[in-house]
Amino acid sequence: MTPELAQVWLERWDAQQERYVADREARFAAIGEVVAQAVPGSPLVLDVGCGPGSLSVRLARRLPSAEVVGVDVDPLLLALGRAGYPEISRLVDADLRAPGWTAALGLDRKVDAVVSTTALHYLPKEQLGALYAELGGLLRPGGVLVNADNVLEEQPAVATLATALRRTMTAGGEDWSAWWRAVEAEPALADLVAERERRLGAHGGDHHLPLRTHRELLRQAGFGEVGPVWQMGDDVILVAVR
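Residue numbers for the sequence shown follow numbering that gives the first Met the number 0, beginning at 0 and rising by one.
Calculated directly from the structure, the hints in this document are not laboratory data. Beta carbons: idealized from backbone N, C-alpha and C, even for Gly.
List time: in silico DMTMM-like cross-link candidates among lysine to aspartate or glutamate, alpha-carbon distance up to 20 Å:
1) Lys124 / Asp94
2) Lys124 / Glu153
3) Lys124 / Asp233
4) Lys124 / Asp205
5) Lys124 / Glu215
6) Lys109 / Glu66
7) Lys124 / Glu152
8) Lys109 / Glu133
Simulated restraints on C-beta separations:
9) Gly141 / Met0: 30 to 40 Å
10) Arg61 / Arg198: 30 to 40 Å
11) Ala102 / Arg198: 11 to 21 Å
12) Glu173 / Gly141: 34 to 44 Å
13) Asp94 / Trp179: 18 to 28 Å
14) Thr1 / Leu160: 44 to 54 Å
15) Glu3 / Gln154: 45 to 55 Å
16) Arg139 / Gly171: 37 to 47 Å
17) Ala177 / Thr212: 25 to 35 Å
18) Asp94 / Gln6: 20 to 30 Å
Build out the structure end to end from the sequences listed, making use of the hints.
Below you can see the structure in the form of structure tokens.
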């Protein structure tokens with residue numbers, strides 16, 4: 000894949016993602032500031048469920064001395080990121096749900112920060128708890144986990160207002176389904192589309208959990224302090240300190 004082709008699809012990816020995340024760039028910037036403040040210097044940063052590297056590349060640009068490693072299971076998105084974002088140190092193909100997936104990272108030291116954005120809600124509670132425990136094992140003492148995602152609001156009236164707020168503040172244009180239909184019609188991506196279908200099949204659904212459940216799972220995984228540092232409606236950046 001050429002960098003030029005990758006850039007076309009990465010720009011369309013960013014545009015369609017704006018439909019779902021209010022203040023997406025502000026969220027990315029906030030994550031970058033948290034990492035910069037929490038682990039200054041030349042940190043090793045792991046982006047889990049990185050997709051095409053949207054967060055990874057922004058962190059690499061914000062923290063040019065950092066080593067940023069992304070990991071995802073989607074072969075097409077990884078290929079786009081590898082071709083279009085040379086600033087990212089590495090993008091690793093591994094399934095976060097598979098036993099022993101951390102071996103594929105090839106890390107030679109503890110991680111300073113783990114980040115994720117709009118990815119971990121694909122995991123049900125039990126798998127998310129196991130992943131938090133694995134990530135805690137990768138982090139050095141004092142390292143941070145920064146997870147940006149939509150959380151379940153358990154109060155129905157507040158949940159309705161949060162959903163309405165997100166819908167009024169996000170952009171229109173091409174949506175998720177339309178983006179994937181367009182990708183599937185791109186001849187240059189046919190092999191990657193076929194591999195993605197073979198590997199992933201149908202979407203497994205969402206498992207948005209309340210903030211208190213994330214807190215509980217992170218505490219059980221050995222994290223000390225856990226709490227939100229940024230929020231827009233039901234979109235939260237949650238930080239856990241190892």
